[in-house]
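Chemist: Sequence:
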Amino acid sequence: MRWFEDGIPRAIQTAKSNKSVFIVFITGEEEKSAEMESFLQTEDVTTVCEENRCVAIRITSNSNDVKLFSQIYPVVVIPSTFFIGDNGVPLEVIGECKSHEDFLAKVKNAIELQKKSTASGAETSQSSHQQAPSVAPQQAPSVPPQQTSLVPPQQTPSVPPQNEKILTGEEDLAGATGGESAVVGNGDEGADSGLTLEERVEKARLLVEYKREEKMRKEAEEAKKREIERRNIGQGVQKLREKQKEMDILEAKKELKKDRDEEKLARQRVKDEIERDRQEKAARFGKDKDNQLKVDEAQKKKRLLEQQAAQAIEQARKSDIARIQFRLPDGSSVTQNFPGTEKFAVLNQFITQHMGSAVNLSMAFPRRTFTTEDHSLTLQELQLAPSAVILVIPAGISTSEVRGSSSLSLARITNLLFSPIFFLWNLLTSIFGLSGSSARPGSAQSSHPPSTARGGERNQGSAQKRPASSSRQEGSVRRFRNAQDDDNDDESNTWNGNSTQQM
1 MRWFEDGIPR
11 AIQTAKSNKS
21 VFIVFITGEE
31 EKSAEMESFL
41 QTEDVTTVCE
51 ENRCVAIRIT
61 SNSNDVKLFS
71 QIYPVVVIPS
81 TFFIGDNGVP
91 LEVIGECKSH
101 EDFLAKVKNA
111 IELQKKSTAS
121 GAETSQSSHQ
131 QAPSVAPQQA
141 PSVPPQQTSL
151 VPPQQTPSVP
161 PQNEKILTGE
171 EDLAGATGGE
181 SAVVGNGDEG
191 ADSGLTLEER
201 VEKARLLVEY
211 KREEKMRKEA
221 EEAKKREIER
231 RNIGQGVQKL
241 REKQKEMDIL
251 EAKKELKKDR
261 DEEKLARQRV
271 KDEIERDRQE
281 KAARFGKDKD
291 NQLKVDEAQK
301 KKRLLEQQAA
311 QAIEQARKSD
321 IARIQFRLPD
331 GSSVTQNFPG
341 TEKFAVLNQF
351 ITQHMGSAVN
361 LSMAFPRRTF
371 TTEDHSLTLQ
381 ELQLAPSAVI
391 LVIPAGISTS
401 EVRGSSSLSL
411 ARITNLLFSP
421 IFFLWNLLTS
431 IFGLSGSSAR
441 PGSAQSSHPP
451 STARGGERNQ
461 GSAQKRPASS
471 SRQEGSVRRF
481 RNAQDDDNDD
491 ESNTWNGNST
501 QQM
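Just so you know, we're using UniProt numbering here: the sequence shown kicks off at 1 and counts up by one.
One thing to keep in mind: the hints can contain errors.
Derived DSSO-like pairs: lysine-lysine, alpha-carbon spacing no greater than 30 Å straight-line [what the hints assert, rightly or not]:
| # | residue 1 | residue 2 |
| --- | --- | --- |
| 1 | Lys257 | Lys245 |
| 2 | Lys224 | Lys254 |
| 3 | Lys264 | Lys254 |
| 4 | Lys257 | Lys271 |
| 5 | Lys19 | Lys106 |
| 6 | Lys115 | Lys98 |
| 7 | Lys271 | Lys287 |
| 8 | Lys258 | Lys271 |
| 9 | Lys106 | Lys32 |
| 10 | Lys264 | Lys239 |
| 11 | Lys289 | Lys300 |
| 12 | Lys243 | Lys258 |
| 13 | Lys287 | Lys301 |
Just so you know, these hints were derived from the structure itself, not from any lab. Small disclaimer: the values here were computed from a predicted structure and weren't measured.
Please put together the full structure from these sequences, using the hints given.
Modeler: Given below as C-alpha coordinates:
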(Lines of atoms letter the chains of each structure in order from A and count residues from 1; the text may use other names and numbers.)
(Lines give C-alpha, C1' and ligand atoms only; values in the text may rest on other atoms or scores of the structure.)
Protein backbone atom coordinates (compact mmCIF):
# COMPACT_ATOMS: atom_id res chain seq x y z
CA MET A 1 0.00 0.00 0.00
CA ARG A 2 1.33 3.39 -1.04
CA TRP A 3 0.57 5.92 1.68
CA PHE A 4 -0.24 9.54 0.86
CA GLU A 5 2.41 11.85 2.32
CA ASP A 6 1.09 15.39 1.58
CA GLY A 7 -1.20 15.71 4.62
CA ILE A 8 -4.79 14.84 5.36
CA PRO A 9 -6.48 17.93 3.77
CA ARG A 10 -4.57 17.39 0.52
CA ALA A 11 -5.49 13.68 0.58
CA ILE A 12 -9.20 14.51 0.95
CA GLN A 13 -9.09 16.95 -1.99
CA THR A 14 -7.28 14.40 -4.15
CA ALA A 15 -9.84 11.69 -3.34
CA LYS A 16 -12.74 14.02 -4.21
CA SER A 17 -11.16 15.18 -7.45
CA ASN A 18 -10.47 11.57 -8.48
CA LYS A 19 -13.92 10.45 -7.25
CA SER A 20 -12.15 7.54 -5.59
CA VAL A 21 -12.20 5.80 -2.22
CA PHE A 22 -10.47 7.55 0.69
CA ILE A 23 -8.81 4.90 2.92
CA VAL A 24 -7.98 5.75 6.56
CA PHE A 25 -5.95 3.16 8.51
CA ILE A 26 -5.84 3.70 12.31
CA THR A 27 -3.05 1.67 13.84
CA GLY A 28 -1.82 1.02 17.35
CA GLU A 29 0.94 -0.87 19.11
CA GLU A 30 -0.86 -4.23 19.29
CA GLU A 31 -0.15 -7.33 17.25
CA LYS A 32 -3.51 -6.96 15.50
CA SER A 33 -2.37 -3.60 14.11
CA ALA A 34 0.71 -5.21 12.60
CA GLU A 35 -1.41 -8.01 11.15
CA MET A 36 -3.90 -5.62 9.50
CA GLU A 37 -1.05 -3.51 8.14
CA SER A 38 0.43 -6.64 6.61
CA PHE A 39 -2.90 -7.24 4.83
CA LEU A 40 -2.77 -3.68 3.46
CA GLN A 41 0.83 -4.14 2.31
CA THR A 42 0.05 -7.25 0.26
CA GLU A 43 0.46 -7.02 -3.50
CA ASP A 44 -3.17 -7.86 -4.29
CA VAL A 45 -4.60 -5.10 -2.11
CA THR A 46 -2.01 -2.59 -3.35
CA THR A 47 -2.79 -3.41 -7.00
CA VAL A 48 -6.55 -3.07 -6.55
CA CYS A 49 -6.19 0.28 -4.75
CA GLU A 50 -3.76 1.71 -7.31
CA GLU A 51 -5.94 0.65 -10.25
CA ASN A 52 -8.91 2.47 -8.75
CA ARG A 53 -6.81 5.53 -7.77
CA CYS A 54 -7.56 5.14 -4.03
CA VAL A 55 -5.98 7.60 -1.61
CA ALA A 56 -4.73 5.97 1.65
CA ILE A 57 -3.37 7.54 4.85
CA ARG A 58 -2.12 5.99 8.09
CA ILE A 59 -2.53 7.62 11.53
CA THR A 60 -1.62 6.37 15.00
CA SER A 61 -4.13 5.86 17.79
CA ASN A 62 -2.50 8.33 20.21
CA SER A 63 -2.34 11.31 17.82
CA ASN A 64 -4.56 14.38 17.60
CA ASP A 65 -5.66 13.37 14.09
CA VAL A 66 -7.44 10.36 15.54
CA LYS A 67 -9.27 12.59 18.03
CA LEU A 68 -10.43 14.90 15.21
CA PHE A 69 -11.36 11.95 13.00
CA SER A 70 -13.34 10.27 15.82
CA GLN A 71 -15.50 13.40 16.17
CA ILE A 72 -16.87 12.72 12.64
CA TYR A 73 -16.52 8.96 12.35
CA PRO A 74 -16.71 7.07 15.66
CA VAL A 75 -13.69 4.86 16.21
CA VAL A 76 -14.87 1.76 18.05
CA VAL A 77 -11.91 -0.58 17.79
CA ILE A 78 -8.20 -0.26 17.11
CA PRO A 79 -6.87 -1.22 14.61
CA SER A 80 -9.54 -0.32 12.04
CA THR A 81 -9.67 0.66 8.37
CA PHE A 82 -12.27 3.13 7.03
CA PHE A 83 -13.27 3.23 3.33
CA ILE A 84 -14.98 6.59 2.70
CA GLY A 85 -16.67 7.65 -0.55
CA ASP A 86 -16.25 10.98 -2.32
CA ASN A 87 -19.51 12.17 -0.75
CA GLY A 88 -18.16 11.54 2.79
CA VAL A 89 -20.27 8.43 3.46
CA PRO A 90 -18.39 5.43 4.97
CA LEU A 91 -18.55 2.56 2.49
CA GLU A 92 -16.86 -0.08 4.62
CA VAL A 93 -15.25 -0.28 8.06
CA ILE A 94 -12.92 -3.19 8.80
CA GLY A 95 -12.26 -3.71 12.49
CA GLU A 96 -11.17 -7.32 12.48
CA CYS A 97 -10.34 -9.71 9.66
CA LYS A 98 -9.47 -13.38 9.88
CA SER A 99 -7.72 -13.87 6.53
CA HIS A 100 -6.16 -12.04 3.61
CA GLU A 101 -8.90 -13.17 1.21
CA ASP A 102 -11.62 -11.77 3.44
CA PHE A 103 -9.79 -8.44 3.69
CA LEU A 104 -9.32 -8.26 -0.08
CA ALA A 105 -13.01 -9.02 -0.66
CA LYS A 106 -14.05 -6.17 1.64
CA VAL A 107 -11.70 -3.78 -0.19
CA LYS A 108 -13.17 -4.72 -3.55
CA ASN A 109 -16.69 -4.37 -2.16
CA ALA A 110 -15.97 -0.83 -0.99
CA ILE A 111 -14.51 0.10 -4.41
CA GLU A 112 -17.58 -1.32 -6.18
CA LEU A 113 -19.89 0.70 -3.96
CA GLN A 114 -17.94 3.85 -4.85
CA LYS A 115 -18.20 3.07 -8.56
CA LYS A 116 -21.95 2.55 -8.31
CA SER A 117 -22.33 5.81 -6.42
CA THR A 118 -20.31 7.67 -9.04
CA ALA A 119 -22.28 6.12 -11.91
CA SER A 120 -25.68 6.93 -10.35
CA GLY A 121 -24.56 10.51 -9.77
CA ALA A 122 -23.50 10.86 -13.41
CA GLU A 123 -26.82 9.48 -14.69
CA THR A 124 -28.77 11.85 -12.48
CA SER A 125 -26.74 14.79 -13.80
CA GLN A 126 -27.29 13.78 -17.43
CA SER A 127 -31.05 13.33 -16.95
CA SER A 128 -31.32 16.74 -15.34
CA HIS A 129 -29.39 18.31 -18.21
CA GLN A 130 -31.61 16.56 -20.77
CA GLN A 131 -34.87 17.57 -19.07
CA ALA A 132 -33.90 21.21 -18.58
CA PRO A 133 -33.97 22.22 -22.32
CA SER A 134 -37.35 20.54 -22.87
CA VAL A 135 -38.99 22.71 -20.28
CA ALA A 136 -38.77 25.85 -22.35
CA PRO A 137 -40.42 24.47 -25.52
CA GLN A 138 -43.32 23.06 -23.53
CA GLN A 139 -43.91 26.34 -21.74
CA ALA A 140 -43.30 28.55 -24.78
CA PRO A 141 -46.76 28.33 -26.36
CA SER A 142 -48.48 29.46 -23.16
CA VAL A 143 -46.99 32.96 -23.41
CA PRO A 144 -47.32 35.09 -26.57
CA PRO A 145 -44.17 36.76 -27.88
CA GLN A 146 -45.46 40.24 -27.41
CA GLN A 147 -46.41 39.60 -23.73
CA THR A 148 -43.21 37.89 -22.62
CA SER A 149 -41.88 40.80 -20.67
CA LEU A 150 -45.26 41.48 -19.02
CA VAL A 151 -45.88 38.08 -17.50
CA PRO A 152 -45.29 38.24 -13.75
CA PRO A 153 -43.36 35.48 -12.04
CA GLN A 154 -46.47 34.29 -10.21
CA GLN A 155 -48.32 33.54 -13.48
CA THR A 156 -45.53 31.49 -15.02
CA PRO A 157 -46.63 27.86 -15.37
CA SER A 158 -45.03 25.71 -12.73
CA VAL A 159 -42.83 22.79 -13.66
CA PRO A 160 -43.01 19.47 -11.78
CA PRO A 161 -40.24 19.23 -9.14
CA GLN A 162 -38.79 16.05 -10.54
CA ASN A 163 -38.25 17.58 -13.99
CA GLU A 164 -37.05 21.10 -13.09
CA LYS A 165 -33.55 22.37 -12.43
CA ILE A 166 -32.79 25.51 -10.45
CA LEU A 167 -30.72 27.87 -12.58
CA THR A 168 -28.72 30.61 -10.90
CA GLY A 169 -26.42 33.33 -12.20
CA GLU A 170 -24.74 33.46 -15.54
CA GLU A 171 -24.24 29.70 -15.66
CA ASP A 172 -28.01 29.11 -15.50
CA LEU A 173 -28.57 31.70 -18.15
CA ALA A 174 -25.92 30.18 -20.36
CA GLY A 175 -27.38 26.75 -19.74
CA ALA A 176 -30.82 27.95 -20.70
CA THR A 177 -29.42 29.56 -23.86
CA GLY A 178 -27.62 26.40 -24.75
CA GLY A 179 -30.78 24.42 -24.14
CA GLU A 180 -32.74 26.64 -26.48
CA SER A 181 -30.11 26.21 -29.11
CA ALA A 182 -30.27 22.47 -28.68
CA VAL A 183 -34.04 22.50 -29.08
CA VAL A 184 -33.77 24.49 -32.26
CA GLY A 185 -31.13 22.18 -33.57
CA ASN A 186 -33.29 19.11 -32.89
CA GLY A 187 -35.88 20.36 -35.34
CA ASP A 188 -38.85 21.04 -32.99
CA GLU A 189 -39.82 23.97 -35.12
CA GLY A 190 -43.56 23.45 -34.87
CA ALA A 191 -43.89 24.37 -31.20
CA ASP A 192 -41.35 27.20 -31.19
CA SER A 193 -42.03 28.64 -34.61
CA GLY A 194 -43.70 31.72 -33.11
CA LEU A 195 -40.78 32.63 -30.75
CA THR A 196 -37.48 34.04 -31.69
CA LEU A 197 -34.24 33.26 -29.94
CA GLU A 198 -34.31 36.51 -27.99
CA GLU A 199 -37.83 35.77 -26.75
CA ARG A 200 -36.83 32.35 -25.67
CA VAL A 201 -33.82 33.78 -23.80
CA GLU A 202 -36.04 36.37 -22.18
CA LYS A 203 -38.47 33.70 -21.12
CA ALA A 204 -35.66 31.66 -19.66
CA ARG A 205 -34.39 34.74 -17.88
CA LEU A 206 -37.82 35.34 -16.37
CA LEU A 207 -37.94 31.75 -15.25
CA VAL A 208 -34.52 32.09 -13.63
CA GLU A 209 -35.61 35.30 -11.94
CA TYR A 210 -38.70 33.58 -10.61
CA LYS A 211 -36.64 30.73 -9.29
CA ARG A 212 -34.24 33.18 -7.67
CA GLU A 213 -37.08 35.05 -5.98
CA GLU A 214 -38.61 31.77 -4.89
CA LYS A 215 -35.28 30.73 -3.47
CA MET A 216 -34.87 34.06 -1.69
CA ARG A 217 -38.40 33.75 -0.29
CA LYS A 218 -37.65 30.27 0.99
CA GLU A 219 -34.36 31.45 2.45
CA ALA A 220 -36.16 34.33 4.17
CA GLU A 221 -38.73 31.93 5.57
CA GLU A 222 -35.99 29.60 6.68
CA ALA A 223 -34.10 32.53 8.23
CA LYS A 224 -37.29 33.60 10.00
CA LYS A 225 -37.84 30.06 11.22
CA ARG A 226 -34.25 29.87 12.34
CA GLU A 227 -34.62 33.21 14.14
CA ILE A 228 -37.82 32.04 15.83
CA GLU A 229 -36.11 28.79 16.73
CA ARG A 230 -33.10 30.71 17.98
CA ARG A 231 -35.33 32.94 20.10
CA ASN A 232 -37.19 29.93 21.43
CA ILE A 233 -33.90 28.27 22.20
CA GLY A 234 -32.68 31.47 23.85
CA GLN A 235 -35.85 31.70 25.93
CA GLY A 236 -35.53 28.06 26.83
CA VAL A 237 -31.90 28.57 27.76
CA GLN A 238 -32.86 31.65 29.78
CA LYS A 239 -35.57 29.71 31.59
CA LEU A 240 -33.16 26.87 32.12
CA ARG A 241 -30.59 29.30 33.51
CA GLU A 242 -33.19 30.86 35.79
CA LYS A 243 -34.30 27.44 36.95
CA GLN A 244 -30.69 26.43 37.45
CA LYS A 245 -30.11 29.66 39.37
CA GLU A 246 -33.13 28.95 41.57
CA MET A 247 -31.88 25.43 42.13
CA ASP A 248 -28.43 26.80 42.99
CA ILE A 249 -30.02 29.26 45.44
CA LEU A 250 -32.06 26.47 47.03
CA GLU A 251 -28.98 24.28 47.17
CA ALA A 252 -26.98 27.12 48.72
CA LYS A 253 -29.75 27.65 51.29
CA LYS A 254 -29.75 23.94 52.06
CA GLU A 255 -25.97 23.94 52.40
CA LEU A 256 -26.10 27.04 54.61
CA LYS A 257 -28.80 25.48 56.77
CA LYS A 258 -26.83 22.26 56.92
CA ASP A 259 -23.67 24.15 57.89
CA ARG A 260 -25.58 26.06 60.57
CA ASP A 261 -27.10 22.86 61.92
CA GLU A 262 -23.69 21.20 61.95
CA GLU A 263 -22.17 24.24 63.65
CA LYS A 264 -24.99 24.24 66.19
CA LEU A 265 -24.49 20.54 66.83
CA ALA A 266 -20.74 21.11 67.13
CA ARG A 267 -21.29 23.91 69.66
CA GLN A 268 -23.72 21.71 71.57
CA ARG A 269 -21.21 18.87 71.56
CA VAL A 270 -18.53 21.23 72.86
CA LYS A 271 -20.89 22.49 75.58
CA ASP A 272 -21.79 18.93 76.54
CA GLU A 273 -18.12 18.01 76.61
CA ILE A 274 -17.33 21.03 78.80
CA GLU A 275 -20.24 20.18 81.10
CA ARG A 276 -19.09 16.56 81.34
CA ASP A 277 -15.55 17.69 82.05
CA ARG A 278 -16.85 20.08 84.71
CA GLN A 279 -18.95 17.35 86.29
CA GLU A 280 -16.08 14.88 86.13
CA LYS A 281 -13.76 17.48 87.63
CA ALA A 282 -16.27 18.31 90.35
CA ALA A 283 -16.83 14.62 91.04
CA ARG A 284 -13.10 14.00 91.05
CA PHE A 285 -12.52 17.02 93.28
CA GLY A 286 -15.34 15.95 95.59
CA LYS A 287 -14.00 12.44 95.64
CA ASP A 288 -10.50 13.70 96.33
CA LYS A 289 -11.89 15.99 99.02
CA ASP A 290 -13.85 13.14 100.57
CA ASN A 291 -10.79 10.95 100.39
CA GLN A 292 -8.70 13.72 101.93
CA LEU A 293 -11.28 14.18 104.70
CA LYS A 294 -11.34 10.45 105.27
CA VAL A 295 -7.56 10.38 105.35
CA ASP A 296 -7.48 13.34 107.75
CA GLU A 297 -10.11 11.73 109.97
CA ALA A 298 -8.22 8.47 109.84
CA GLN A 299 -5.00 10.27 110.76
CA LYS A 300 -6.76 12.14 113.56
CA LYS A 301 -8.25 8.90 114.84
CA LYS A 302 -4.87 7.26 114.55
CA ARG A 303 -3.17 10.10 116.43
CA LEU A 304 -5.96 10.08 119.02
CA LEU A 305 -5.64 6.34 119.43
CA GLU A 306 -1.88 6.69 119.69
CA GLN A 307 -2.30 9.45 122.28
CA GLN A 308 -4.86 7.40 124.14
CA ALA A 309 -2.61 4.40 123.98
CA ALA A 310 0.33 6.48 125.17
CA GLN A 311 -1.80 7.97 127.91
CA ALA A 312 -3.07 4.56 128.84
CA ILE A 313 0.49 3.25 128.91
CA GLU A 314 1.61 6.25 130.93
CA GLN A 315 -1.41 5.97 133.21
CA ALA A 316 -0.79 2.30 133.62
CA ARG A 317 2.86 2.99 134.30
CA LYS A 318 1.95 5.67 136.82
CA SER A 319 -0.74 3.51 138.33
CA ASP A 320 1.74 0.72 138.89
CA ILE A 321 3.74 2.98 141.24
CA ALA A 322 2.11 5.09 143.93
CA ARG A 323 4.14 8.06 145.21
CA ILE A 324 3.01 8.73 148.76
CA GLN A 325 4.04 11.83 150.72
CA PHE A 326 3.58 11.59 154.49
CA ARG A 327 3.13 14.91 156.32
CA LEU A 328 4.47 14.45 159.82
CA PRO A 329 3.15 16.38 162.84
CA ASP A 330 6.34 18.44 163.12
CA GLY A 331 5.88 19.84 159.60
CA SER A 332 8.42 17.65 157.90
CA SER A 333 7.50 15.19 155.20
CA VAL A 334 8.54 11.74 154.10
CA THR A 335 8.11 10.51 150.52
CA GLN A 336 8.06 6.85 149.58
CA ASN A 337 7.11 4.89 146.42
CA PHE A 338 4.90 1.85 146.75
CA PRO A 339 3.55 -0.58 144.13
CA GLY A 340 0.01 0.28 143.06
CA THR A 341 -1.20 -3.19 143.95
CA GLU A 342 0.27 -2.99 147.46
CA LYS A 343 -2.11 -3.22 150.43
CA PHE A 344 -2.75 -0.16 152.55
CA ALA A 345 -1.58 -2.17 155.58
CA VAL A 346 1.98 -2.12 154.20
CA LEU A 347 1.82 1.70 153.99
CA ASN A 348 0.50 1.91 157.58
CA GLN A 349 3.21 -0.45 158.80
CA PHE A 350 5.89 1.65 157.05
CA ILE A 351 4.87 4.94 158.67
CA THR A 352 4.33 3.27 162.06
CA GLN A 353 7.88 1.93 161.98
CA HIS A 354 9.13 5.36 160.91
CA MET A 355 7.29 7.17 163.72
CA GLY A 356 7.95 4.49 166.34
CA SER A 357 4.40 4.69 167.65
CA ALA A 358 0.83 4.15 166.53
CA VAL A 359 -0.54 6.79 164.21
CA ASN A 360 -3.77 7.70 162.45
CA LEU A 361 -3.70 8.38 158.70
CA SER A 362 -6.00 10.79 156.88
CA MET A 363 -6.26 12.91 153.71
CA ALA A 364 -7.00 16.62 153.57
CA PHE A 365 -8.50 16.56 150.03
CA PRO A 366 -10.77 14.84 149.70
CA ARG A 367 -11.25 14.81 153.46
CA ARG A 368 -10.97 11.23 154.60
CA THR A 369 -9.71 9.29 157.59
CA PHE A 370 -8.43 5.78 157.00
CA THR A 371 -9.63 3.00 159.29
CA THR A 372 -8.62 -0.59 159.84
CA GLU A 373 -11.15 -1.67 157.21
CA ASP A 374 -9.04 0.07 154.54
CA HIS A 375 -5.93 -1.99 155.37
CA SER A 376 -7.12 -4.85 153.15
CA LEU A 377 -7.58 -2.60 150.08
CA THR A 378 -4.90 -1.78 147.52
CA LEU A 379 -3.56 1.67 146.86
CA GLN A 380 -5.25 1.73 143.41
CA GLU A 381 -8.59 0.88 144.95
CA LEU A 382 -8.15 3.67 147.49
CA GLN A 383 -7.23 6.07 144.60
CA LEU A 384 -3.80 6.74 146.09
CA ALA A 385 -2.00 6.01 142.79
CA PRO A 386 -0.12 7.53 141.12
CA SER A 387 0.42 10.09 143.93
CA ALA A 388 -1.17 11.18 147.18
CA VAL A 389 -0.51 13.23 150.33
CA ILE A 390 -1.33 11.57 153.66
CA LEU A 391 -1.39 13.35 156.99
CA VAL A 392 0.23 11.45 159.84
CA ILE A 393 -1.49 12.11 163.20
CA PRO A 394 -0.22 10.60 166.47
CA ALA A 395 -2.75 8.36 168.10
CA GLY A 396 -3.01 10.48 171.33
CA ILE A 397 -3.93 13.88 169.73
CA SER A 398 -7.52 15.11 170.07
CA THR A 399 -9.88 15.75 167.23
CA SER A 400 -9.69 19.55 167.51
CA GLU A 401 -5.95 19.50 167.25
CA VAL A 402 -6.16 17.24 164.31
CA ARG A 403 -8.66 19.55 162.71
CA GLY A 404 -6.45 22.57 163.39
CA SER A 405 -3.39 20.87 162.11
CA SER A 406 -5.24 19.62 159.05
CA SER A 407 -6.72 23.04 158.36
CA LEU A 408 -3.27 24.59 158.76
CA SER A 409 -1.79 22.08 156.40
CA LEU A 410 -4.61 22.74 153.93
CA ALA A 411 -3.92 26.48 154.06
CA ARG A 412 -0.26 25.92 153.44
CA ILE A 413 -0.96 23.65 150.51
CA THR A 414 -3.39 26.19 149.06
CA ASN A 415 -0.85 28.96 149.52
CA LEU A 416 1.80 26.84 147.86
CA LEU A 417 -0.42 26.06 144.88
CA PHE A 418 -1.68 29.61 144.28
CA SER A 419 1.56 31.50 144.88
CA PRO A 420 2.65 31.39 141.15
CA ILE A 421 -0.74 32.76 140.14
CA PHE A 422 -0.48 35.60 142.62
CA PHE A 423 3.02 36.34 141.35
CA LEU A 424 1.82 36.61 137.76
CA TRP A 425 -1.11 38.79 138.85
CA ASN A 426 1.18 41.20 140.68
CA LEU A 427 3.50 41.31 137.66
CA LEU A 428 0.66 42.14 135.24
CA THR A 429 -0.81 44.80 137.49
CA SER A 430 2.59 46.45 137.88
CA ILE A 431 3.18 46.41 134.08
CA PHE A 432 -0.20 47.86 133.07
CA GLY A 433 -0.23 50.50 135.79
CA LEU A 434 -2.99 49.06 137.91
CA SER A 435 -3.08 49.22 141.66
CA GLY A 436 0.17 48.78 143.49
CA SER A 437 1.55 45.61 144.77
CA SER A 438 -1.19 43.80 146.56
CA ALA A 439 -0.75 41.92 149.70
CA ARG A 440 -0.36 38.24 149.21
CA PRO A 441 -3.34 36.22 150.29
CA GLY A 442 -1.02 34.04 152.25
CA SER A 443 -0.15 36.98 154.53
CA ALA A 444 -3.61 36.83 155.98
CA GLN A 445 -2.79 33.42 157.24
CA SER A 446 0.58 34.43 158.70
CA SER A 447 -0.91 34.48 162.17
CA HIS A 448 -1.65 31.05 163.47
CA PRO A 449 -3.49 30.05 166.65
CA PRO A 450 -1.32 29.42 169.67
CA SER A 451 -2.42 25.81 169.72
CA THR A 452 -0.64 25.12 166.41
CA ALA A 453 1.61 22.08 166.33
CA ARG A 454 5.32 22.42 166.61
CA GLY A 455 5.86 21.36 163.06
CA GLY A 456 3.55 24.14 161.83
CA GLU A 457 5.59 26.82 163.65
CA ARG A 458 8.75 25.48 162.11
CA ASN A 459 7.23 25.59 158.65
CA GLN A 460 5.97 29.12 159.24
CA GLY A 461 9.33 30.27 160.46
CA SER A 462 11.10 28.78 157.50
CA ALA A 463 8.89 30.61 155.02
CA GLN A 464 10.80 33.31 153.16
CA LYS A 465 9.41 36.73 152.48
CA ARG A 466 9.39 37.59 148.80
CA PRO A 467 10.23 41.23 148.11
CA ALA A 468 7.60 43.17 146.28
CA SER A 469 8.55 44.23 142.81
CA SER A 470 7.18 47.07 140.73
CA SER A 471 7.83 48.76 137.39
CA ARG A 472 7.87 52.28 136.12
CA GLN A 473 7.20 53.40 132.54
CA GLU A 474 9.63 55.79 130.88
CA GLY A 475 8.31 56.54 127.41
CA SER A 476 7.86 53.25 125.60
CA VAL A 477 10.25 51.46 128.01
CA ARG A 478 9.31 49.90 131.33
CA ARG A 479 11.88 49.47 134.04
CA PHE A 480 11.54 46.93 136.81
CA ARG A 481 12.97 47.69 140.22
CA ASN A 482 13.04 46.28 143.67
CA ALA A 483 11.19 48.41 146.14
CA GLN A 484 13.58 47.39 148.95
CA ASP A 485 16.68 48.28 146.97
CA ASP A 486 17.46 51.83 148.13
CA ASP A 487 20.65 52.04 146.10
CA ASN A 488 18.72 51.88 142.79
CA ASP A 489 16.00 54.37 143.77
CA ASP A 490 15.80 57.02 141.04
CA GLU A 491 13.87 59.38 143.27
CA SER A 492 16.97 59.96 145.43
CA ASN A 493 18.95 61.13 142.43
CA THR A 494 19.06 64.70 141.18
CA TRP A 495 18.77 65.89 137.62
CA ASN A 496 20.17 68.96 135.89
CA GLY A 497 18.60 70.99 133.12
CA ASN A 498 19.93 68.89 130.24
CA SER A 499 18.51 65.62 131.59
CA THR A 500 21.87 64.54 132.98
CA GLN A 501 21.73 62.61 136.19
CA GLN A 502 23.85 63.83 139.04
CA MET A 503 24.99 61.22 141.47
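Chemist: Indicate, hint by hint, whether the structure satisfies it.
Modeler: Cross-check of the supplied hints:
Restraint check for Lys257 and Lys245: satisfied, since their Cα atoms lie roughly 18 Å apart, inside the 30 Å limit. Annotation: proposed proximity of Lys224 to Lys254 is violated, straight-line Cα distance about 44 Å (limit 30 Å). Note on Lys264 and Lys254: the hinted pairing holds, with a Cα-Cα distance of about 15 Å set against a maximum of 30 Å. Restraint check for Lys257 and Lys271: the C-alpha separation of about 21 Å stays at or below 30 Å, so the hint holds.
At most 30 Å may separate the alpha-carbon atoms for a hinted pair to count; Lys19 and Lys106 meet this at roughly 19 Å. Restraint check: the Cα-Cα separation between Lys115 and Lys98 comes to about 26 Å, which is no more than 30 Å; the hinted pair holds. With a CA separation close to 23 Å, the supplied pair Lys271 and Lys287 stays within the 30 Å bound. A threshold of 30 Å between alpha carbons decides the hint, and for Lys258 with Lys271 the separation of about 20 Å falls inside it, so the pair holds.
Only pairs whose Cα atoms come within 30 Å are accepted, and Lys106 paired with Lys32 is accepted, the gap being roughly 17 Å. Proximity of Lys264 to Lys239 is assessed by CA-CA distance (about 37 Å); at most 30 Å being required, the pair is judged violated. With a C-alpha separation of about 16 Å, the suggested pair Lys289 and Lys300 falls inside the 30 Å cut-off, and the hint holds. For the suggested pair Lys243 and Lys258, the alpha carbons sit about 22 Å apart, so the restraint of at most 30 Å is met.
With a CA separation close to 20 Å, the supplied pair Lys287 and Lys301 stays within the 30 Å bound.
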